[in-house]
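Please work from the sequences and hints to get the whole structure.
Chains as they are written, first to last, in the numbering used here: chain V, 1 to 297; chain E, 1 to 181.
These are calculated hints, taken from the structure and not from any lab test. Fair warning: this is a prediction, and the values are worked out from it, not measured in the lab. All C-beta atoms in this analysis are idealised placements derived from N, C-alpha and C, irrespective of residue type, glycine included. Some hints here could point you the wrong way.
Unchecked claim - Rough simulated footprint, nothing fancy, chain V against chain E, three-plus residues with beta-carbon under 8 Å:
(1) 22-28
(2) 38-51
(3) 64-78
What the hints assert, rightly or not - Calculated lysine to aspartate or glutamate pairs in the EDC-like style (CA-CA distance at most 16 Å, straight line):
(4) V:LYS50 / E:GLU73
(5) V:LYS33 / E:ASP25
(6) V:LYS195 / V:GLU168
(7) V:LYS240 / E:ASP25
(8) V:LYS256 / V:GLU216
(9) V:LYS50 / E:ASP74
(10) V:LYS50 / E:GLU79
(11) V:LYS195 / V:ASP166
(12) V:LYS50 / V:GLU20
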Amino acid sequence: MLVTGAAGMGKSAVVQALYEPLTARRGYFIAGKFEQFRRTPFSAVVAAFKALVTELLGESAERLNRLRNDLADALSPNGRLITDVIPQVELITGPQPPVEELGAAETVNRFDAVFRNFVRVFARPQHPVVLLLDDLQWADAASLNLMRGLLTDEHQSLLLLGAYRDNEVDANHPLTAMLARLAEDGGTLPGVALKPLSTDDVWQLIRDTTSASMVEAAGLADLVVRNTGGNPLFVQELLKTRADDGLMRFDRTAGKWTWDDLAEIRAKGFTESVLDLMVARLGRLDDGTRTTLQAAA
Amino acid sequence: MAVVAALRDTSSEELWAQLLPAVQDGLIVAASERSAECSFFHDRIQQAAYESLEPQQRSRTHLAIGRLLREAEDTDPFEVVFQLNQGRALIEDPAERLQLSERNLEAGRKATASAANVAAMGYFDIGLELLPEEPWSACYDLTLGLHRSAGETAWVLADLDRSDALVAAAVANAETALEKR
Numbered sequence: 001m002l003v004t005g006a007a008g009m010g011k012s013a014v015v016q017a018l019y020e021p022l023t024a025r026r027g028y029f030i031a032g033k034f035e036q037f038r039r040t041p042f043s044a045v046v047a048a049f050k051a052l053v054t055e056l057l058g059e060s061a062e063r064l065n066r067l068r069n070d071l072a073d074a075l076s077p078n079g080r081l082i083t084d085v086i087p088q089v090e091l092i093t094g095p096q097p098p099v100e101e102l103g104a105a106e107t108v109n110r111f112d113a114v115f116r117n118f119v120r121v122f123a124r125p126q127h128p129v130v131l132l133l134d135d136l137q138w139a140d141a142a143s144l145n146l147m148r149g150l151l152t153d154e155h156q157s158l159l160l161l162g163a164y165r166d167n168e169v170d171a172n173h174p175l176t177a178m179l180a181r182l183a184e185d186g187g188t189l190p191g192v193a194l195k196p197l198s199t200d201d202v203w204q205l206i207r208d209t210t211s212a213s214m215v216e217a218a219g220l221a222d223l224v225v226r227n228t229g230g231n232p233l234f235v236q237e238l239l240k241t242r243a244d245d246g247l248m249r250f251d252r253t254a255g256k257w258t259w260d261d262l263a264e265i266r267a268k269g270f271t272e273s274v275l276d277l278m279v280a281r282l283g284r285l286d287d288g289t290r291t292t293l294q295a296a297a
Numbered sequence: 001m002a003v004v005a006a007l008r009d010t011s012s013e014e015l016w017a018q019l020l021p022a023v024q025d026g027l028i029v030a031a032s033e034r035s036a037e038c039s040f041f042h043d044r045i046q047q048a049a050y051e052s053l054e055p056q057q058r059s060r061t062h063l064a065i066g067r068l069l070r071e072a073e074d075t076d077p078f079e080v081v082f083q084l085n086q087g088r089a090l091i092e093d094p095a096e097r098l099q100l101s102e103r104n105l106e107a108g109r110k111a112t113a114s115a116a117n118v119a120a121m122g123y124f125d126i127g128l129e130l131l132p133e134e135p136w137s138a139c140y141d142l143t144l145g146l147h148r149s150a151g152e153t154a155w156v157l158a159d160l161d162r163s164d165a166l167v168a169a170a171v172a173n174a175e176t177a178l179e180k181r
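Take a look at the structure:
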């Protein structure tokens, strides 16, 4: 399944909603995110399975033993292909011998097959796996091919979720090509496209959170939507900031939120978009904080 | 955050104190108070922070991260090479350059085996770039390995001219009849 929408549209929140029903069924929920400034092959896939292996290492010795045997059956003699990319797997399987050198086409097919077998070891009816690959707009070509391989595999116990920003993926993007090839092979991928909140939605949200009257809420909703484009993350952030600034206050006697006239809220510099405002704050940080953020970025 | 603390040479307490203004400003979000898990509020904030570094300073930061991760266990195998490569222009020690060239050959071979040929070509190219002068006499095995692997991968990627040139260089410099084949 694909979940699409611009940044802040709530893709992660939608996906997280699957988490609880799944853990109730003793399934695994694993996730990895591709990154804009760290383009390495399979980064999100590696992160997801690394987390899974770490979780499994806490299981009983008996289960680990069974898992070790299952992995040996599924991967032998090509286990090294997996441990070279996801070294943590070695913690279960032990070191793997080098693989035979093959021609180019065979190499591609072999990796596809070995990876599918690898996933099948974990994704079983008694413990299904949800694999979330987030920010596919930054995925490398090899990861997309791997995804296509998993999607064309008849697999009852694996739910592959892909999330990406459709507004950052155009006709020339590798993801578009991958999805087109998948469709050619008869693969269909249901999608959920997340749209911005409408003024009505935000109006409802403000009434529910603040207990304001319909008229009071309408004016604020209109202002919020104009300044956020209805992006849920920004709506939340804007309201939070207004509360922090004291422009919106909780009136204990009346038992509801109140705010002064909208002119004041507007005058607090909301003519710029929310993000521009935040980026500008970066420049005002002191050196130590800024250098730390730069290193983290 | 552990990497950032090591990089900034501060304790986690000091790091948290430095981050606090950014948390209060809403630029980054901490999983919980004093948490070691922080994320940028939005990619555009991360992008702005990243791009506010001068290119030279950016390379230096990548290099420092790469050198830190090189010593650490449990890192994504391609990540160390990626970080070091981003800062490779600043590596002056010939031995360290040679070692990074080897790492690129190794990463490229892993990438080839896992069908990541575009990425593999990138590693081989950087490996070749990092070779010293007169590479065939200075480090024969590494030079041959890089030419061979790069030549094969260029062929897979249908860059036939490049492939021919690499293979021709390998043949011209190969020492034994077996390697010339």
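Verification of the hints:
1. 22-28: holds (count 5)
2. 38-51: With 12 residues close enough to chain V, the hint holds.
3. 64-78: holds (count 5)
4. V:LYS50 / E:GLU73: holds, 13 Å
5. V:LYS33 / E:ASP25: With a Cα-Cα distance of about 25 Å, the restraint between V:LYS33 and E:ASP25 is violated, given a limit of 16 Å.
6. V:LYS195 / V:GLU168: Status holds; Cα separation ~15 Å.
7. V:LYS240 / E:ASP25: Satisfied, since the Cα-Cα distance of roughly 11 Å is no more than 16 Å.
8. V:LYS256 / V:GLU216: With Cα atoms ~12 Å apart, V:LYS256 and V:GLU216 stay inside 16 Å; holds.
9. V:LYS50 / E:ASP74: Satisfied, since the Cα-Cα distance of roughly 9 Å is no more than 16 Å.
10. V:LYS50 / E:GLU79: holds, 14 Å
11. V:LYS195 / V:ASP166: Roughly 11 Å between the alpha carbons, so the hint for V:LYS195 and V:ASP166 holds.
12. V:LYS50 / V:GLU20: violated, 21 Å
Violated hints, in rising order: 5 and 12; the structure is consistent with all others.
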